Structures are given as structure tokens and as C-alpha cells.
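A.B. asks: The primary structure of each chain is shown beneath.
Number of protein chains: 4
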Amino acid sequence: MHNSFGTLFKISTFGESHGPAVGVVIDGCPAGLDISVEEIQQEMDRRKPGQSRITTQRQEGDEIEVLSGIFEGKSTGMPIALLVRNQDQRSKDYSHIADQFRPSHADYTYQVKYGHRDYRGGGRSSARETAARVAAGAVAKQLLRQWGIEVFAWVSQVGALALEKSYQELDLTKIEDSIVRCPDLEMAEQMIALIDETRKNRDTIGGVVSAVIKGVPPGLGEPVFGKLHAALGGAMLGINAVKGFEYGSGFKGVEMLGSQHNDTFYKDEGKVRTHSNHSGGVQGGISNGEDIYFRVAFKPVATIMMDQPSVNTQGEAVQVSGKGRHDPCVVPRAVPIVEAMAALVIADFYLLNQTSKLRG
Amino acid sequence: MHNSFGTLFKISTFGESHGPAVGVVIDGCPAGLDISVEEIQQEMDRRKPGQSRITTQRQEGDEIEVLSGIFEGKSTGMPIALLVRNQDQRSKDYSHIADQFRPSHADYTYQVKYGHRDYRGGGRSSARETAARVAAGAVAKQLLRQWGIEVFAWVSQVGALALEKSYQELDLTKIEDSIVRCPDLEMAEQMIALIDETRKNRDTIGGVVSAVIKGVPPGLGEPVFGKLHAALGGAMLGINAVKGFEYGSGFKGVEMLGSQHNDTFYKDEGKVRTHSNHSGGVQGGISNGEDIYFRVAFKPVATIMMDQPSVNTQGEAVQVSGKGRHDPCVVPRAVPIVEAMAALVIADFYLLNQTSKLRG
Amino acid sequence: MHNSFGTLFKISTFGESHGPAVGVVIDGCPAGLDISVEEIQQEMDRRKPGQSRITTQRQEGDEIEVLSGIFEGKSTGMPIALLVRNQDQRSKDYSHIADQFRPSHADYTYQVKYGHRDYRGGGRSSARETAARVAAGAVAKQLLRQWGIEVFAWVSQVGALALEKSYQELDLTKIEDSIVRCPDLEMAEQMIALIDETRKNRDTIGGVVSAVIKGVPPGLGEPVFGKLHAALGGAMLGINAVKGFEYGSGFKGVEMLGSQHNDTFYKDEGKVRTHSNHSGGVQGGISNGEDIYFRVAFKPVATIMMDQPSVNTQGEAVQVSGKGRHDPCVVPRAVPIVEAMAALVIADFYLLNQTSKLRG
Amino acid sequence: MHNSFGTLFKISTFGESHGPAVGVVIDGCPAGLDISVEEIQQEMDRRKPGQSRITTQRQEGDEIEVLSGIFEGKSTGMPIALLVRNQDQRSKDYSHIADQFRPSHADYTYQVKYGHRDYRGGGRSSARETAARVAAGAVAKQLLRQWGIEVFAWVSQVGALALEKSYQELDLTKIEDSIVRCPDLEMAEQMIALIDETRKNRDTIGGVVSAVIKGVPPGLGEPVFGKLHAALGGAMLGINAVKGFEYGSGFKGVEMLGSQHNDTFYKDEGKVRTHSNHSGGVQGGISNGEDIYFRVAFKPVATIMMDQPSVNTQGEAVQVSGKGRHDPCVVPRAVPIVEAMAALVIADFYLLNQTSKLRG
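Line by line, the protein sequences give chains Y, Z, R and X.
Just so you know, we're using our numbering here: the first sequence kicks off at 1 and counts up by one.
Just so you know, we're using our numbering here: the second sequence kicks off at 361 and counts up by one.
Just so you know, we're using our numbering here: the third sequence kicks off at 721 and counts up by one.
Just so you know, we're using our numbering here: the fourth sequence kicks off at 1081 and counts up by one.
If you are wondering where the hints come from, they were derived from the structure by calculation, not from laboratory data.
Do not take every clue at face value.
[Said to hold, decoys possible] Which residues of chain Z face chain Y? A partial, calculated answer using Cβ under 10 Å:
{"no.": "1", "residue": "V397"}
{"no.": "2", "residue": "G575"}
{"no.": "3", "residue": "Q620"}
{"no.": "4", "residue": "K631"}
Note that this is a predicted model, so its numbers are computed, not measured.
Virtual Cβ for every residue (Gly too), placed ideally from N, Cα, C.
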């Protein structure tokens, strides 16, 4: 259950880390959209393993195959199925942990819930599944661009190294200029050094991905249980290793007074605007036309290259040894995933809002 | 759209702040549950306005009427409809803002989205709607109790006054011992003083509600898009005024190393347990049997008793003056709402997990 | 579960036959619709018991109370909750069958499924629940009228008395001219006589309701699992006592050759039309702009005024005696229910189709 | 939208008739089910084109590839993705109709709804999409067998040739003994002759598929909008070319009296049974443990080998000439599709019913 996401722009993902393939079916993409498969591939390349020295060295081409829904270069309104074959599986790396529960992985909980599980590389709990989300998100991004909407995400913290600058102070065109995807290149250097050091210590470290969505028109979001920020938060918390989400003023807003926090309105060139934007572009769950921005906390990756105490499926005490190829820090590769999920949420609510535009 | 919440234990709420009533329909409550209407009423009383000097002075009896689904004291498996009539509406308090957009309220976004809105007290964007959620949550709580599950929430921060103690260090039976609902009674005094002062200044202030769910069996939650913590986070972010959510190690976990953060397993009296619980009781999106704990950030209430610059529906600059009766700090009354939403999420996933227990 | 219907124009009904009330929450009605509560009441009156000598003599005012979602006479886009209090409940009529299973009723199946049930008048399995559907359908009808769409249903068969005329040969303005709701007044007389005779025999009899939907634009319906006629069929089969559904050529179409059955196209005043309409206005699951027409088969009402052999909850053989007040033939009162469900389906697909109108 | 089916045992299909592949993702299959890929293949072979002289001569291997969700021969509870590559596409057969609307096909309605469509062989409106449903249904069948449930479908009518025998009078093991899939082999001969003759006349003809589901326990189905027979009916009406559905006494039940139609209860070996079964195994929308049986009407296939008048996308009058390879009568190949959809519905409601078994 719950391998689908979205209401009108709906995706369903499938596939395990070490099975034949991962893939996604997008149901609800409007017809007539020019879809560039190369652009989908570019997003895949931003997420794929082995892209730099600070990511896992698993090698995957992550080449996208279009199975349906695109005809003569355009979407047809029918389900778009996208497939990525798995290549560098090395399942034998996992045989030693087939009956062990790796600490802070999903091994134990899947075993309890399903009884029978694909233990190779975490099966479906592996972040490899996010390749399917990135593929779908790349289609959503192309749709959003038609509507003048753009999503930017970047690494704003690694361990204790936190970029204190707000997104307005950053040059977001520089995100891809460093392998860690921090647009402040000085900070990027420090982050890379910290990740390098952590990897040498056979350890892992957490981080924060920040994001801003520009160009969202007012009116997206649904009252009560479909608040736009709640959907974004739910989407982000659904990404592997995420521990927290805040938008607008976030946890710091707690300390503010109402008189400081309120975003007063004014009119600018025929548009209703707000002086400040502590609301993060969303008021009462509905976009108000200002930038939507948020932060996503990622824990350190659970797979470390050390021995750790655990138990096995028989309940016996064991030592789990760290093998396999893993990221010392997940955030650089999480950037396109955050963007993909944000794009999927916005596309979905944009479609939903079409029906609100009808009047009796 | 999106006035429903949940998949198998599903609620649909209705009603505006100043309309005839608010209510909820619960679809999916298992049959045969003894339902105490008094217990529902007790939860209503914990949320209701006018309960203490630090809440709004609007007076509502918030008396629950059962319209369906309960027969001879037990649930029948049919929809349970619960109704609360609005009493102390004072709609005229709002006539002066009928065509004004109050800063950081939903007035502007609703106007843009729907064209026609009930401007009295925020209509459906008012926190009055949460009365319906608390009623439904009170049924969910009674169901969870049958399964040995309990939810506790409390105020852990008001403005900059933060309770640094973890939940294990607190006596959760004392939550109701102070009107601010902080179980550390010394801190509670300080919080109350701060709220009093803020109200005297005609201002408002934010806060944090913390929560722990005890007794959740391993196996609740669904892979990928139905992760238990993502559902909890989405639910919390759907509560009015919430700006952030974190669970387990949360944003602080970012700074940890994997070797510090990982929760190693051991066996204790036949049960697989973890030594630490940075995972917050959820691994790979599925409960592991440990306590589930999380924190929810609330911004300062938008209605302040001061004049603020704004625009009206014609786009003209106006001064919005603060009238009406509002909470200087939302968190004391948010406690039962957080508990209600948590109970609804857990009940839903408990039911969903029944189907996972089938084996081919 | 499954007390909701629809995707974007979604209704949730609640309430038992002999509980305090039945009601419905409509989620997704576009904002700004002028809603006439009198028109809702008129539809209620068409369905209500005691309306003529050939229906049950239970007396219900079936007065509609609006609880939310309508402000200053217009929909606000928020949930519209409508309530009908039950009045003439006479629960004691049912005490004698509290532990008996009435043949061809839902008593046995509810008992098995839920263990605990409201046995008074069938509880929620009673056709009284359809009052809530008619209320919601009356809102949908007002919405459809804005879009130029109208739904007509009438009685076309009672027992073996079948009206052989097609809908084009009938004067649909005469539906309400007879208490049996057959627009052919000669046939209506015969039908009424047959129902009278059946009732005198303490028996019941089946019938057919036919319907046509006029003014549906081309494009409504979704491929594969959301075919418009499948949604209509599913909706009709969800009405109490329905045993069959056919649209367009229906079961008789089976005997035709493709060369007879195909509806060839031509152009008429700028519109693509078909010469014949065996397709019943739907091709490939999507409306083509022609009239949509269908037929719904209703079995004879299960409650007869005779003794019948059965078993009780202890599995003992018993005689169930027919008491209470029931319809000798359900179809006259089923007419507004068929219309309501059809209107709900069309409203839902009209909204869904808005999103198809977007182009990439 | 609406390319998914089911609530807890949910399938999502994708793929066009003349694209690279068709496929299906099954979300919600319980873990631990032994899945035989050969059995899936056998069902595919029952549906596949070119299987006999009375079906289309398009040649497709329809070989199933498992992409995910099965590990070491068992389901894992994760999405099961099944893929069938298209082989014998002959897209050039369709170039002549790229801008023409074939009568009684979905060409016109898709063009209106989506603007841009895959015109080759009907794209997604083609019955080729049902290959994906049969694959998913074959998994559902294996699941149902674990629970003692079996589905049988057969051809009971071709044109005016109607098998008057009830299912109890037939030997259902003989369904596969004739290429027309009628278990009465004498009638089968006549049906085959009629289809042969129709094909020689370059025409097509309709038919009826009957079905029975045996072994369904009491309790499946949900009240009001989730009635089991309504779900079956909706599912059947979603199959290409279906015009009608009836269950139990169906349209003939209309002519019966309540005293004839009611199924009186008795106790047999500890089980509550009914003497007759006009209810078709479903009472109040919930299975009562008796056989569930129904009939599905199929119109004649729209593609005939004759010239027909039509219009093109420019609205000009044209003659559409019949080319391509099509079935003269769809019902023999529809048999496994009816079985598949029935199995999917029952599997879904079986899972849903697990949650009803919980008691407060």
C-alpha cells in the first residue's frame, strides 16, 4: 500500500534496489506537453550514484526508457511509464546480512511487517526507489515551467556547518557548481572537506536541504487537510532519512511576537503582496503568490563502515559489519529528490485548483 | 476538496466558525467499540475556548451530539456523525473586516481561490474547525486504548522559554495540572506569566507542542509514500498555525555522526529493542515498537489587538484594527488537537496494517 | 468504509433509518453557486415516504437543514452539510425482529460482518439513507443546470408491464403527472392498478427506472477504469434493490451486427454528431455529446406482509412475520434517487474534465 | 486519471496498443504468496490474439516479465510490476485513419478530450490494455485460491444464440474445451459457426459472458457506496465493449413478486444458507456465502471490414474503410478478462474486510 503519491497528478513507483528495475507510472499529466526525455535524463544524472567522490561509488547508468504515454514527443494524457534498469547490483555484498538487522535501517521493521523481504540492499526501502521519483519529478518540472513555476533546492548544512544566508542572499544559479550542491562556494569547500573526513573515518553525517519555489500563483492548496505546506511537508518527510521539515519562519518563528511575524499586505503593480514573508508563501494552507521556501533535515546515513552490535532474525546477538558502497552524506544527492517531490506536489495542486476556478 | 483525512479510519469535517455548527463524520471505526460520549466531551472541554484566562474568552459549550453510528453504546461500523452547535458567534465583531484582508490570515488566499467566502471569524479557516477533529480524535483514542496505545502531548516551549527536558524526564500525568499544559510546573508558571504579559501588550506569541505515542506495536506504517512519520508530520502541519515538525532526533540529528545516531538492536524479554531511540520509534517509515515522539512548532496567532496596514478586496490600502476574542498563544489549546490528529493517524495505520498481516 | 462517493464532487452520507437523523456532507462543490434550499426540499419531497397511496405510509417531513458551506445564498467552496431529522421512527415495530434475519434483507450479512448492528428498520442498509443522496443530488442538479445539463428519470416498467416506447417518443414533462412517475399516463394507470393489487395481496413487485441525461458536453469520462458509463452503472447498482444496469443498446445490443450497431458520424451546424445513438452518448468511456440514456432494474421489495421461514441469530428456525410500513413497489420513489446519483456522477466528471482541458 | 483500480489490492495499468509495451503495477498484494509466473502466462495465453481462427490474427507472444515485488518466488508486499512488450504492431495499418474518426470507436471522444492522441490501433482505448488487467488478475486468482475462492466465466450468448441453462446445469470444467469458451459443446458449435459466418460477411456480432464466483465467505462488501455487486458491475462495465450488467435475478427479477423472489434462510451443517439464490450471493451489498453470479453484455466489435461514412478531424465527410486485424466477436477472449476483473474485485474486498474483523 501507499506506493502512490498525488491526487490528480499521481505517481506510482515500483522496483527494488537489487531487482531488475525501478520505475514509475505517472497518471494525470495533461495532454499536449512537449516532453524532453533528455531533461528527464539530466535529472537522473543529478541523482545517480557515482557522480562524484563524495557519493557512493555504485555505478548506475540510470538510463530512462519511456514505455507509454508520450507520442510524437508530446504527452497524450495517458499514463506515462518510465523504466530504469538496475545494472551494478552486486547482490553478494548483501548475503552476509540476509538474516541480520542493520541498525537504523528498515530491515527489522520490514521483517516484522511482511515476514518475507528482499534483503538485498534494503529492497524497496533503499533510496534507489527515489530514482523513480526523480524521473516523475522531471516531467512535473517541465509542466511547471509552462506555468512559470521553478523549484530550486540546495545543501544549506552539513553536520554543524550551516549556511546562515537566506535564499535571497544566494546565487541559485551556482547550485550545480560544486559537487556538494551548496551555492556558496566557500562554504561548499568546507562541506566537501567535512564529508571527505567523515568518509575516511568510515562514518556518515547529516545535513539540511533548503528549497524555494518561485512563480506559484495564489490559490494553490486546499483548506483543512490539503494545506499546501502540509502536502510539501508530508512529501519531504517521505524521502528516506528525513527527520524534520519547516517552512517560512519555521521553528524560529516560535520565538516571535505576532506583531513581528505578521506579513502585512500592500499593493504593487496591481498585485497584492506582503512586506515580509514569514508565512513562506502560504497562508491558511493556500499559496499567496510569494516565494514558498522550506528546509528539510536529513539524518546521517545508517550504513557506516564499522562493526555494530545487533540481533538477527532468530533474535541472537550479532555484529553487523559495514560493507557495500554508500554515501557518507546523503544531502548532495538528495537535492534533486527534494526538487522532484516539490514539483510533484505543486503540479498536483495546480491541477486541483483548476476545479476551484469554476464558478457556479 | 481535502476536507477528509485518513484512508481506512477516515474523517470528514464540516462547518464554519460562525455558521450553525461544526461537525465530523468518522467512516471506518470498527464495530463493537464501547464509546463513551462523556470522554469525547472531556476532550472537547480541553480544547474549548474560554477554559482559562490565557485563552480566548469566546464562550462555547461545545456540547457533542451523536447523530449516527452508535447503537446501544457501541459503534456499529457505520459512519459516526458528531455535531457541535456554535453558540457565542458575535458575527458583528467581524463586519468591519468583511472586505479587509487581515495580515497572515487566510482572508486573501480564500478570496483569490473562491471569490465568495464566509468572512465571519475566518469561516472555515478558523481554528474552530479543529473542534471537529478533537471529537473524532476522542473516538480514535478510545479505540487505541483497546489496543494498548496512548498519546500524550504537552507544551514544551512558549516564545523563547524552552523546556529542555526530554519526555522521559517529565511526569506526563501532570500535563493537565497547569492551564498552559506544561508538565514541569515551574516552567509552566513562567510560561503563563509570559503569555499574560504578551496579552497585556495586545500581542501574541508562538510555542512548541511535544508529543509521545506509547504502546504502538511494530509494523505500523507503509513503505515509500505512507511512512508513519510522514503521515504524522503531514497531519501536524495541517493544524492551524503550525510551521514545523520534527521527530526523533529531528533537526539536531543533522549534526550527529552515523555512529552516534544509529540505534543498535538488542533482545529484551523476547522483544527486539534498541538501545537509543534517535529513530523516534520509526525505521524505514514503519514503527519498531519503541516510543514515537515528535515536536510541532506553532507561530504566534495572527490576530493581534493592534492596527496593522493592509489592503481591502478593492486593493485599497487600509488599517486593519484588532477586534474579536483571540488566544494570545495557541499552544495550550493545541495540545488536545495534536493528540487528536496523532490518534487519528495511528488508528488509520493500525487498520491498514491488518491487511499486511494476511499471508498468501 | 465506502460511505463516500465521488472524486472531486464528493459526498459522504451518514445516519440510520431509526437513529436521530440522516445527512450528507458534500465536499467539492464549486464556490459561487446560487443554491436554492427550496429546490433541495422539492427533491426531498419527491423521495419522501407517505407521498401517495402506492408508497409506504411512514410519515417523514424530511425537512432539510443546512449546517455549513452556504453563505449569503451561495456556495463557498467549503463542505456543504445537510441534515434531515428522523421523525416517525416507530422503532417498536422492529423489536420482534431484533434477533431474526428477514429474508433477502441485509440483516444476516450485517450481523456476520459487524457483529453488532442497529436492527431497527435495517439501520443503515435501509433505503432511508438515500434521503441523504437525494439532498446532495439536488445540489448537483443546480450545478448541472448552470452548465446546461439536465437529468430525467421515469418508471418504464412495473412487473411485466413494460413501456416499449423510447425516450424520444415520451413527453418527459409529464413524469410528475402520475403518482407512479410514468410519463405515458395510460400505462401509468395500469401500473398503479398493478401496484394496488400487489399491495392488497400483501406482496411486492419489481420495476425498471429509465433515464436520460441531456446536454452533457463531449469529453466527460476517463479512460480505462473511469469510463463514464461504468461510473453511472456503479452508482445505479449502489442504489438499494437494484439488480441490473444497461446503457445505450444494452442487452439487446448483443444480438446486433456491428454494421447495424455502429453510430456513424456526420457534421451538423459545426458539431460532430452521430446518426444513431446505440452508444448511449458514451464512446470509449467518454461522452460524445449525444444523449446519455440507461435503464435500471429493481427487484421486488423484500419486506412482504406474509410469514416467511428464516433463522435467528442463534441459528434457530423461526417464522418472520411482515410488519412495519413498506413500499409495495420501490420504483416510483426510486426515480429521484436515480436522478440524484446520475447528477452526482456527471458533476464529478465535469470537474475532473476541467483538468483535462489544461494543455502542456 | 483513473488508470488505477481498487482500494487495498490496487492496480495501475499503462501502455498503448502500438507503443513499446503494456504493463501493470499491483500495489497491496499480501506478502508471502507463492506466485507462479507460469500461471500468469497461462492467463495471458487465454486472452492473447491469434489463439484460434475466430479471434483476431494479430500475433503477440504476450510474454510476461516480472520487474519487481517477487523475491525467491514469493510476493514481498511491495508493488508487483508486470510488463508485456508489444511485438506485432503494424502501425502502418493505421496511418490511413490517423485523422479519421472510426464509428463507435473512441477516436472522436479522445480527440475532443485530449487534443493530442496516439491514433495507432486506438492507443490506450484499445482492448490491448486488458492484457495488463489479465496479468494482474492472474495474481489475484492465485491469492483467492489460498482463500478457497474460484472464479469461472464462459460465453453464454453470441448474437441471438443464447444458452438458456443456468450455471448449475453446466459442466464448468469444459469451458476451455471449445475455442468459443462455451461449456455446452453443442451450443459452442453453433456459436462458432455463427462467428465464422459473421466474419465471412466482414461484419461483427455481440455476445454475453456469464460468470460465477464460488467460495466467497460471508461479509465481503461495504454498505452504501461499496456494495460488492456494484463494484463487480462497475468493474465489468469498465471492460471494453460492455453495455450491460446484471447479477442474481437481474432484469428478469423485475417481473417477480417479493414472495417469489425472497431467498428464505435455513441452517445447514452449522451454516446459514438460503433455499433459493435470486440475490446472487449478495444481500445489502455484502456477500452471504452463496454463489455470486452475474451476466455481462458485449456489443458487436466496432471495427468492421466495410466502408462506413464518418468525418475527419477537420470535420469533413469521409469514408472510413475497415482494415487491420480484429475479432469478429469479442466474447471468447473476454472470458479471461471478466474473470480477471472479478478476481481483482474480490481480492480487494477480502482485504478490506480484514479491517471489519477487528472489534473495539
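A.B. asks: Are the hints correct? Go through all of them and say.
C.D. replies: Structure-based check of all given hints:
no., hint, in the structure
1, V397, "violated (24 Å)"
2, G575, "violated (16 Å)"
3, Q620, "holds (8 Å)"
4, K631, "holds (9 Å)"
When held up to the earlier numbered hints, the structure conflicts with 1, 2 and fits the remainder.
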